[in-house]
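So the sequence lines, in the order shown, correspond to chains D and G. The first sequence begins at 1 in the UniProt record's numbering and counts up by one. The second sequence begins at 1 in the UniProt record's numbering and counts up by one.
No lab work stands behind these hints: they were computed from the structure. Fair warning: there could be bad hints in the mix.
What the hints assert, rightly or not - With beta-carbon atoms standing in for the labels, derived distance ranges:
id, chain 1, residue 1, chain 2, residue 2, range
1, D, Phe112, G, Ala375, 56 to 66 Å
2, G, Asn220, D, Phe38, 31 to 41 Å
3, D, Trp39, G, Val47, 36 to 46 Å
4, G, Glu420, D, Val35, 26 to 36 Å
5, G, Gly430, D, Phe26, 35 to 45 Å
6, G, Asn217, D, Phe26, 46 to 56 Å
7, D, Phe26, G, Lys319, 30 to 40 Å
For every residue, glycine included, the Cβ atom is placed at its ideal position computed from N, Cα and C.
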Amino acid sequence: MKDPGLVMLRKSPYPYWFLIPGGLVFTVFFLVPSVMAFWFSLTRWTLFDQEFIGLDNYVQFFREPALASGLWHTLVYAVVTSGLKVILGMALAVLLTAPILGRGFMRSVAFFPVLVSTIGVGLTFQVLMHPTEGVINQILGWAGITGPAWLVDPDWALLSVAFVDVWQGVGLATVIYMAGILSIPGEYFEAAKVDGASAWHRFRRITLPLAKPATVSVILLSLIGGLRKFDLIWAMTKGGPGFTSDVMASVIYKQYQAGFYGLSTAGNVVLFLLVILIALPLFWFFNRKDDNQ
Amino acid sequence: MRKLGAALLTGALCLSGCSAGSLGSSDETAAGQTQITFLTNNDPANVKVAEAMIAAFEAKNTGVDVKLDTRPQGSEGDNLVKTRLATADMADVFEYNSGSLLQAIAPQTNLTPVSGEAWVGDLDPVFKQVVTANNEVYGSPWGPAVGGGIFYNKPLYTKLGLQVPKTWADFMSNNAKIKAAGVAPVQQTYSETWTSQVLVLADFHNVAAADPGFAENYTNNKAKYATTPAAQAGFQHLEELHKAGYWNKDFASAKYNDGLAAVAEGKAGHYPMITFGIPALDTAAPGKVNDVGFFALPGTDASKNGVTLWEPSGIYIPKSTEGDKLAAAKKFQAFVASAEGCTAYGSAAPLGGPFVVKSCTLPADVAPAVKDLSAYIDAGQASPALEFLSPIKGPALEQITVEVGSGIRSAGDAAKLYDEDVKKQAQQLGIQGW
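Based on the sequences and whatever the hints tell you, model everything.
This is how it looks when you write it as structure tokens:
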């Protein structure tokens, strides 16, 4: 196969001067900051001056006590949110593609949380999840259940945030799934019905396999989103209590907050590599399977 | 993540830089007036003080028009100050921490030295030391010095016949009696994590009493929290109180204001806090200021009992302020350090402790807790907090103390973890021997 880059260079329909504005924007706003980020990750940087210290920041970052647990929390968070979004997104999409009353309205309602500010959602749920005065535990209380302390219980904090993340993000997964399901020709379902396939079989043998591109998109998007999640966690728990809901991104942010600018830049480089390391193989894996079909 | 950080930062910059006060008001400035901006933190009580200070200053200096600008508190505000200094976009005069945190904004490069000003001679020597870098003085004091220790509910102490404890054992026996009476003995408020550090930080007088060389050895990488029993005691206390079940039930979700209200209203017997909380007592529990007393954190030796002091923050002028504005900013800085400045400060909010300017006196009607604090200082039973003796304070202490107080991590483990945190900070500051 030819190198696509070479093809593009040779066959570009524009003269070089035409590429200058784009190139300039790319250089100033993307290339230079990225190179600088790699450089600063090798320095002890106080904003006022910098000292080159080689790979010490990386060594320090991997020795960071909160990092090991933060790494684990990141994976748990990404897998839980991604998994739930796949399952719930599919279920909601099946519901919202069925001929039900007020379908357009219900579709909007399912998508609505995606449009709300994440910080706003976080602060709202902080109130709703208050262990004694929060609406959630009060409702559970009427049913005779003593709810957990949610955000302030070390065992529940991370999962509580993950649940809110799923609520907020499942609308996007639903829309992707709806597009996937609606693109399946109706004849397949009719044919299966004639052959006597049950509802479960039609879902299992037609909808699920033919909506696979949608599943791949949902998994990849939500997994990458989960790995680099920060705003919701920061708004709800700030990584607490203690370090129990700290993820990579919040560990990095805290280094930045404490004035360890070089160290936090190194952390960002590590996070960048981690996301690539997890997302790329997944991407290849899913695409290869597509080729086989 | 980085993008979000940047967005937050620009947002915050805009909040302070583009506030209506600084934008639309230049028209109002009368001819011949010099306009300067004063940047301080956005704590409501502090804003009230700043407004009163500006009003008193402008009444005396009609040629200067001071505009108030606010920034967030805590680390967010820290970042804002650092960024604005680094980009030479700082307000003409601003309030910021003294002590170790002042060193982190590189005063030599960023601030105007004021060692030659007349008011410098009037400063309390300990305060002068914490606004000095490389033998140059940079700031005047923003308000009184405050003490770290324990707020207690006076009516409850009277009702149960309790005495102010001088040793940890006495304190624990008081707690047992308070618990027996059905009241939460000690209030904790982990929804605002910084409040969890007080039992460790305010114990420093006891550390210094047991080991006078600790601050110096600690700075030189020779003394550690994990291996110095007196220093580890603060973490042990947290663990002990949690294990005894002495916290208020909602310690994990309560906020700072809840804590102040609880101790003022007698829902909790004690609240470990720094006396800068006294002005906020009045908003948290109106009319109850006189029900709150204060005592130093008890240690092992009753004869060495004393209070840990926090010096006030400073008023500084960045190097980017020049010409007429510099002269006006210097006038404002001097006014804050004058007797009139102290009076203006005291007129706006109840005071949290004694002033550090020699010509200032405490009004007679200060809160009882302030009188309790002054008694320690007058008796010479006071030491500055560690952050004024050493430039190193680990940034993760508040998370670590939340962990110990919540029973997630043991005291010994926590001390070790904090030592690691301290090491990181020392390396970042480029201190010799780390």
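Here's how the hints hold up against the structure:
The beta-carbon spacing between phenylalanine 112(D) and alanine 375(G), approximately 60 Å, falls within the hinted interval of 56 to 66 Å. Between asparagine 220(G) and phenylalanine 38(D) the beta carbon distance is about 34 Å. The supplied range of 31 to 41 Å therefore holds. Checked against the hint of 36 to 46 Å, the C-beta distance between tryptophan 39(D) and valine 47(G) comes to roughly 41 Å, which is consistent with it. Between glutamate 420(G) and valine 35(D) the Cβ separation comes to about 31 Å, which falls inside the hinted range of 26 to 36 Å.
The hinted window of 35 to 45 Å between glycine 430(G) and phenylalanine 26(D) holds, with their beta carbons roughly 36 Å apart. Against the hinted window of 46 to 56 Å, the Cβ-Cβ separation of asparagine 217(G) and phenylalanine 26(D) comes to about 53 Å, which satisfies the hint. Taking 30 to 40 Å as the suggested C-beta distance range, the pair phenylalanine 26(D) and lysine 319(G) conforms, at roughly 36 Å.
No hint from the list above goes unmet by this structure.
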